Every structure is written in structure tokens, then in C-alpha cells.
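A.B. asks: Place chain B on chain A using the hints.
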Amino acid sequence: MLSYIIRRILYAVPIIIGVNVLTALLFFYVNTPDDMARQVLGEKNVTPAAIENWKRDHGYDLPAFVNTEEPGIKKVTETVFFQKSVPLLWFDFGRSDRNNIDIGQEIRTRMWASLAISVPTFIAAVSVNLFFAMMLAYYRATYIDIWGVVLAVILMSISSLFYIIGGQFILGKLLKLFPISGYDAGLHSIKFLVLPIIIGIIAAIGGGVRFYRTVFLEEINKDYVRTARAKGLTEGRVLFKHALKNAMIPVLTNVVVSIPFLFTGSLILETFFAIPGLGSFTINAIHSQDFAIVRSMVYLGSILYIIGLIMTDISYTLVDPRVRFE
Amino acid sequence: MPVILATDFIVFFLAGAIVYFAIAVRKDGAAASAWREIRKNRLAMACLAVLALYFSVALLDSIRYRDPVLREDGVQARTEKGEAIYSAQSLSLLDRAFEGMRANHEKTYSAPFAKHLFVKENVELPDGTTGREYAPLKHPGAHWLGTDKVGDDVLFNAMKGVRTAVVIGAGTTLIIVPFAIFFGVVAGYFGGVLDDIVQYIYTTLASIPGVLLIVAFMLLFGTSGYQGGLISEGRLSLGVFVWNDRLFWLALILGITSWTDLCRLIRGETLKLRELEYVQASRAFGVSRPGIIYRHIVPNVMHLVLITFVLQFSALVLAEAILSYIGIGVGPQMGSWGNMINNSRLELSMDPVVWWNLTASFIFMFGLVLPANIFGDAVRDALDPRLRYR
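These protein sequence lines are chains A and B, in that order. Just so you know, my numbering puts 126 at position 126 of the first sequence, and the rest follows in order with no gaps. Start counting at 1 in the second sequence, then tack on 326, and there's your number in my numbering.
Since the hints were derived computationally from the structure, they do not count as laboratory data. Nothing here was measured: the structure is a model prediction, and the numbers come from that model. All C-beta atoms in this analysis are idealised placements derived from N, C-alpha and C, irrespective of residue type, glycine included. A portion of the hints provided could be inaccurate.
Short, incomplete list of chain A residues facing chain B, as computed with Cβ under 10 Å [stated by the list, open to error]:
#1 Gly18
#2 Val255
#3 Thr282
#4 Arg295
Chain A with its partners taken away, still in its complex shape (with noise of 0.2 Å):
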């Protein structure tokens, strides 16, 4: 087991790299950091000392990939992709190019607000889409059934922006539930995070419950589930005791591979609700041009995916023992 799971943490080592040089070549080489520099600095203080001057500040004023003024090592270390990009696969960061901000500090500070709606949001979301899964597949080919596939079609449809636009305006301003954005420290965060949560929840109803529900139909055409039947076992029963279980493999594979995002939050829920997650952050650096940390949020996210897989792979050892380690 242990061995198997270093070798996939070593399967992984490569891609790592691959994103770090991907997104290197996309900010240093596609857009040169002159490039950056202009679009940073607006059309009218475009001078060649400007360019030159910003650069310097900001530490991009060294090639991109290969030093050939610099002797021996220095040939590639003296490079803005050594000194920018390779520090991040050890979680370095660097500074911000707008305000100079710390941004691994940042990202330690600001996960805690994208967590706090995140985690509730996910927990609720699975569970209420297993929950209503279970129940079209226990009626299953009624209209119970079928109007809720109909349902879940139907939700699915709709733009997750009209859920946000909507809960807003019907539940905070209309019925004045709650707080319709904002933030605040502790626990008095909670009557900001109700709303959220709620949409967080119905935005993800209609395709979770369609998937989950496939996926217990599937397992509820299969031999071992009409044997349980056979031998005297009530529907309920059969459903969550053994279906339930072998629906697992399936339902992992969605559901652990988003766990690591949990950090870096929604992009659209967070700058919607005023919250200073990690999303906001992203959308801030974006409405800004702050090319650094929407590299450091590419870059992050990227390794969250990978870690989200290699998670999802281990579990699959953990619930399914016929998975070899292969």
C-alpha cells in the first residue's frame, strides 16, 4: 500500500512540472513581461524607461528561459523562470505585481473564508443529492421518478449566475432572510454564510442528483443486488445496505477529486457575496491585471487537481479491494 502510494506521488512528480513549465511559457514567453509591463502601466505612461523601471521593481528584468551572459549554473538560474516560476513547486509564491503583497501569506489568510462556505456547502450538497438520488432510484420508473429526472433536467439548465441573482433578490431582498453580502470574523460570519450555502446547494441539485441517480440504477440492475432480493431482503434494505456500497466507486470519483478545491473556493459565488476568499481574490487579481497571482492561482489549482487525483485513486484502493496496485 505504502509503495503504491509513493509511486503514484512519483507518477505525479512529472505533470507538476509540466504545469510549472506550461504556465511559465504562458506568462513569460506568450505575453513577455513587456507586454505585461504596457498593459500594467496603461497606454499613456508607456516608456521604454517605464517598461524598463517596472520590470526591474517587479523582477522580471532577467530572460525568460536561458541566461547566456551569466557563466556556468548562473545560465539558468539568473532567469525569470527560475526565479519566479521554479520557487512555486516548493509553494513560494513571491510578491504580488500591484501592491506587493506577500501573496503565500495572503492565500494562508484568505482560505479560511473560502473553507467556511466551501466545506458546509459541499457536505449539504452531496448529501442532499445522494439523498434525493436514492430516493428517484428506490421509486424508480414511477412518475415520482420521472418527473424528477425531469426536474433535475430542468435545474441543470439554468445558469448557476440566475441562482445567485435570484436567491439574492428573493431571499435577501425581497423576504430580508439574511444579509444579501458582506463578511465578518468568527462566529457572527454565520448570518452571512447561510445564503451562499443555500444557493451553493440548489446550484449543484439538478446534475448531482441525475448523476448519483444513474449510478445507483446501474448498480441496482446487477445480479449480487436481485439475489439480496431473492433471499427475502425489504427494498430499503437492499438499496442502502449493498447498492449503497458498491455505488460508492463511482460517486468517490466525483466527489473526492473536489476536495482539494474546497481552498481555493468559487469564483462567482465569492465575488457575489463580498467574501474574501480565495475566488475573490482570483476575480480581484484578474479585474486588476495582477499577473503574478493569477499565475500562483493557476499554478495552485493545478496541483489541488493533482492532488485531488491521486486522493481519489488511493480511496479507490480503500473501498474496492479488488483494485490492484498496479
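C.D. replies: Here is chain B on its own, set in the frame of chain A:
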């Protein structure tokens, strides 16, 4: 003078593909039997009719030309060198068909079918004094869905969003299909180092969360390009063709982030097909590798392409609205439901509420995405029943 944007080719190609499938289902074969399956599903056929309506709006909005500038005596105006002068504005057939809606501007907000403006303003009263009144509209009752902040007709704006949605929903997949087929088939059929390389590339690309990759790309490239509005000579236009089309870049970039799934599916299917008896047999008969791939492999992965195409359509339409909302989608001048939602966000906090802008974008988007979802499911079930439970 005609004006052809890069994204117009996507719409034209899509029209060609529809004609091709219409002919293919008339012959006997796999396509015909799948079509019979879909025909039985009346709901799916109703959805197809709605989708056809949307597509025809998009097609009308993709055929455009610039009017010649006329001199006062009605003769074509020319430069000193004798070149004909054309208006900087290119109008599509849709613009021309709904000329009334397009050109009937009001001052600002007005409710659907309203005869007066939505907000009071200073007007001169009959007795010569001025007072605050709801000024009458220039075109009372003409705006079926009201007008927006700058007085544009909301129904017309929503219709202009159709082309953007269709191009993003369909064009994105169309652009990447050749690459996905090529890499998927090569990796699956030849195996070995080629397979490793292709797998490495798509695993790395898939590792970067789609929305963040799109953000990075659009931040870096999306600042230039034709974003709707007037055609300026020189930088943007090359005669009749406008290649630097921001919508095209958006479709391409969305494609780059979404080709990995299709490529993985095709690779898996090719691995399976390669070992089948009829492929082995044609190899034994001495058919060349490109011959086998062309005749036996590619036709048998096409159903995956079609399934991906219809299933991704609605997800891409929804994604476009979100990207335009974030401000990295199509430009503000290009009609887009994301832009409409973005504008209408503050309108809900006005008193009384301005609801029609949001409602219009909701109805138009829902009216496209719901049929696309239902029809997509029907196509998938007809082409590959094994995939039903995905």
C-alpha cells in the same frame, strides 16, 4: 461589400454539417438507424425544432455586408483614387430584418410595451413651465421586452446573443475535433512512445483547472480583436475577412481546455478497435496503416465526437455567460447573455425593480440550454446505449 468574421466560418461549417447529416440519415446505415431511434422520441424532436430556430437566428446574424455610402445625388461615393466607399457599420441579415427594433432607441429604461419612460425627467409642460414627468417614448408600445439603460431594445439584444451562444456552444467543439481525433487515434493505434507523449500532454493540460486556464489565456490574448461594433480599416480587417475576432479566440481557448476529454475517449476506443477481428483481418490483407485508420478506425470513433458535441453544447453556453460576466468573455459591444446578466445585476436593487433585462436573458438562455440538454441525451442514447448511465 460582404464582411466575413472568423466565427462566421464556424456557423457556415455547422450549417454544412447539418446538411451532411440530413443527407446521411436518408441513406441506410448507422446514422439512419440512430435517426429512427431519435424520431420516436417526440420530446427530442420538439427540442430539435427549437434548436433549429435558434440556429437559423444565428445563421441570419452571420451573413452581413456593409452598405455603400451614397452621395447626395444617390450615386456611389468614391475616394479620389476611384475606390468605392462603404459604411463602417456592417449589418447582418438579422439586423436588417429587425431594423425597427435595432434602430428604435429610447433615452433609457422603459418597461415592456410601455408608452412612457421608466424614470421621471424634466419635461416642458403645456403651460410653459417644467415639471418632472414620465416622458412619452419615441416608439410607444414597440419594445416588447422593454429597453435597457442606454435605451436599446432588450428583445433585440437578446436575439443578438443567440449567435454568440451558438458559436461558443458548437464552434468550440468543432475547432478541436480534428486535433482530438488525430492525437487520440495516433496514441491509441500506434501506442508506445507516441501514446506516452499524447497522454502526458493531455494529463498536464487537464490538470490546470479549465476556468483558470481560460482566465490566463484571455488575460494574455483577449485584449485585442474585433469585439463587435464598427469595422475599422487596417488593423482589424483584411478586405472582406476579419480574422482577429475575439469570439473566435474565446472559442479556441475554451476548446483547448476541453479537448482532453474527447481525446481520452477516442484513444480508449481506438485501443479497443485495434484489436477487433476485422481490423486484424484488413491488416493481414496488407492494408496500409493510414488506410486502416481512415477506413476502419475514424468512422468508428465518430459517434463519440457527435455525443461529445451535443453534450458539451449546453455546458459551453453556460460557461460563456459566466466568462462574459467575469469580464473575460466576448467584448461589451458583442451581444451576449452574460453581458446582459452583468448589466442587469444592479437593476434588481433599483426601486421599482427593472426586471425585464434579466428575465429576457434568462428566457433566451434557458430556451436554448434545456432543449440542448434533452436532445443531447436523446442523441447519446440513440448512438451509444452503453453510455446512458454516465
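A.B. asks: If a hint holds in the structure, say so; if it does not, say that too.
C.D. replies: We went through each hint and held it up to the structure:
{"no.": "1", "hint": "Gly18", "in the structure": "holds, 4 Å"}
{"no.": "2", "hint": "Val255", "in the structure": "violated, 16 Å"}
{"no.": "3", "hint": "Thr282", "in the structure": "holds, 7 Å"}
{"no.": "4", "hint": "Arg295", "in the structure": "holds, 8 Å"}
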